[in-house]
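Going down the list, the sequences are from chains A and B. No gaps in the numbering here: position 82 of the first sequence is 82 in the working numbering, and each next residue is one more. No gaps in the numbering here: position 255 of the second sequence is 340 in the working numbering, and each next residue is one more.
Quick caveat, the hints were computed from the structure, so don't treat them as lab data.
For each label pair, taking beta carbons as the anchor points, the in silico distance ranges come out as:
#1 Gly342/B with Gly18/A: 54 to 64 Å
#2 Met1/A with Asp341/B: 47 to 57 Å
#3 Arg479/B with Thr49/A: 20 to 30 Å
#4 Gly18/A with Thr87/B: 47 to 57 Å
Glycine is no exception: its CB is placed at the ideal position from the N, C-alpha and C atoms.
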Amino acid sequence: MAMLARLGLTDEQVAALGSELNDILARVDEIAALDLSGVEPTAHSIPVTNVTRPDVVRPCLSRESALLNAPAQQDGAFLIPKFGA
Amino acid sequence: MTFDLSSLTVSGIREGLIARDFSAVELAESAYARIDAVETDVHAFNSLSRDLALDAARAVDAVVADGGELPRLAGVPVAFKDNMNLVGTMTTCSSRILEGYRSVYDCTAVRRMLDAGAVPIGKCNMDEFAFGSSTENSAFGPTRNPWDLERVPGGSSGGSAAAVAAGEAVLSLGSDTGGSIRQPGALTGTVGMKPTYGRVSRYGCVAFASSLDQIGPFSKTVEECAQTMNVICGKDSMDATSLERPAEDFTLGIRDGVKGLRVGIMQDLVDIEGCDPRVRQSTLDTAELLAGLGAEVGATNVPATQYGLPAYYILGPAEASSNLARFDGIRYGHRAADVEDVLDLYLRSRAEGFGPEAIRRIMIGTFALSAGYYDAYYGQAQKVRTLIANDFERAFADFDVLLTPTSPTTAFKIGEKAANPVSMYLSDVYTIPVNLAGICAVSVPCGTVEGLPVGLQIIGTHFAEATVLRAAYAVEQASGFDSVSPLVRGLADKRGTTVS
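Just chain A, with the same shape it has in the complex (with noise of 0.2 Å):
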């Protein structure tokens, strides 16, 4: 799971969270049980979907903006290190 989330966590950090995940799981498990065919979803509770606006072009963050808090740059781009071998 913490692979999953890109979380580099140690096995002592593994091993309490496992305790503590059990706990709040504990919790909700309560709805997990609750026999609810027939009810539809709610994603959010406002009736809106889909919203758009007319397709132009308009102003947006600058490249400067953009590479402002960039950790590595280069060339005006995002610098990172290799992908895996």
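Given the coordinates of chain A, work out where chain B should sit on it, guided by the hints.
Relative to chain A, chain B alone:
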């Protein structure tokens, strides 16, 4: 010359500026003088924006000098939760992973406050990424409650609440995903409102759970809450969930009283185990007070709210785990040193940058969304959400507003619940159902227990803010609550002046 901001309101500031009793620059300096005096104890702020504040204050003073029309929040010292972007400030979400992050655009709600003449004092401490109910989960240390420095101010917007309660700002903005404005409002004796989902644009506010997050104000009075709502509400093309609504003046009608208002006490919630009997009594006494003013007070139940907490602790972390995937050490934020490759960079940057509660929530959310568990957890929680929304709708057929305590207890001691995540989660049991249903609610102080403020939660249906604020105003006037925190009173005593 400096002034005690604790005794000034938005309207008082406007009158004082026009009468030239003080300048906006003097007000800003007064905020920083108060910060110098109390911040070592309180730690409401992560960073201060003195240059921006003085520029904004000078602009207001120039309008006064020209005899021009002052905008609605002219000269009012304000503070923002540190998850709201403002160019010229850091936006850290109280997380190591965003330490030093410089905002490159403005949050719409913040921009609206500044366009209305407000003066930005600084950015407020919070639970990391808004995960918590005490502001203890900040990577930069806890905020302390001006009512008792041994106690938490609530959370996650604890810094925003404490800044107002300590007189370091007159207004502040927080964000509320499961109670993060209302609960700290209750614990610090301030007024805190979570507007209806869609009322206020979230553009520029770092997302926690996008189907629940909403920005709202903290203030000392209900009228100022309404005045701030007037400024921050409204459609924004940059947030697809913000809704087009006719312009509304939330201050109109707040003094109209509660005669004939149908007020429902949410009996099943008021009676839950774990609610301090004195907080419960304070809620019932305030309902009685409203009845005395002509409200038609009855009891009701919203049964599905019993599943609010478990549904929230699936939906919130699930959405958070998705939203927080963007913090990967590539474009901004902490990047681990000496990494082997991109995967190693992700794994180590995230593990090093996120604090324990963020890691806990990401793990719960990742689990709830993972193959084989999605239907049992996430899908089921979304269905529970439908039940809660339907039950609220039924209750609002009979009542205009619903009442609960805002939080089951008054402010608890720093460290008291930190070791047990589940007991901390319970502190939002009253506020969470409101977010799940997307409706609006305010916490208004209604009394004290052993010298600590108690908040009453007044809940309204979608877009019923005006009604909720009218009821809150009646409570404020009738309860006789004194919003001056002991910290502020102590400073006034030291100076030998009185605080009105």
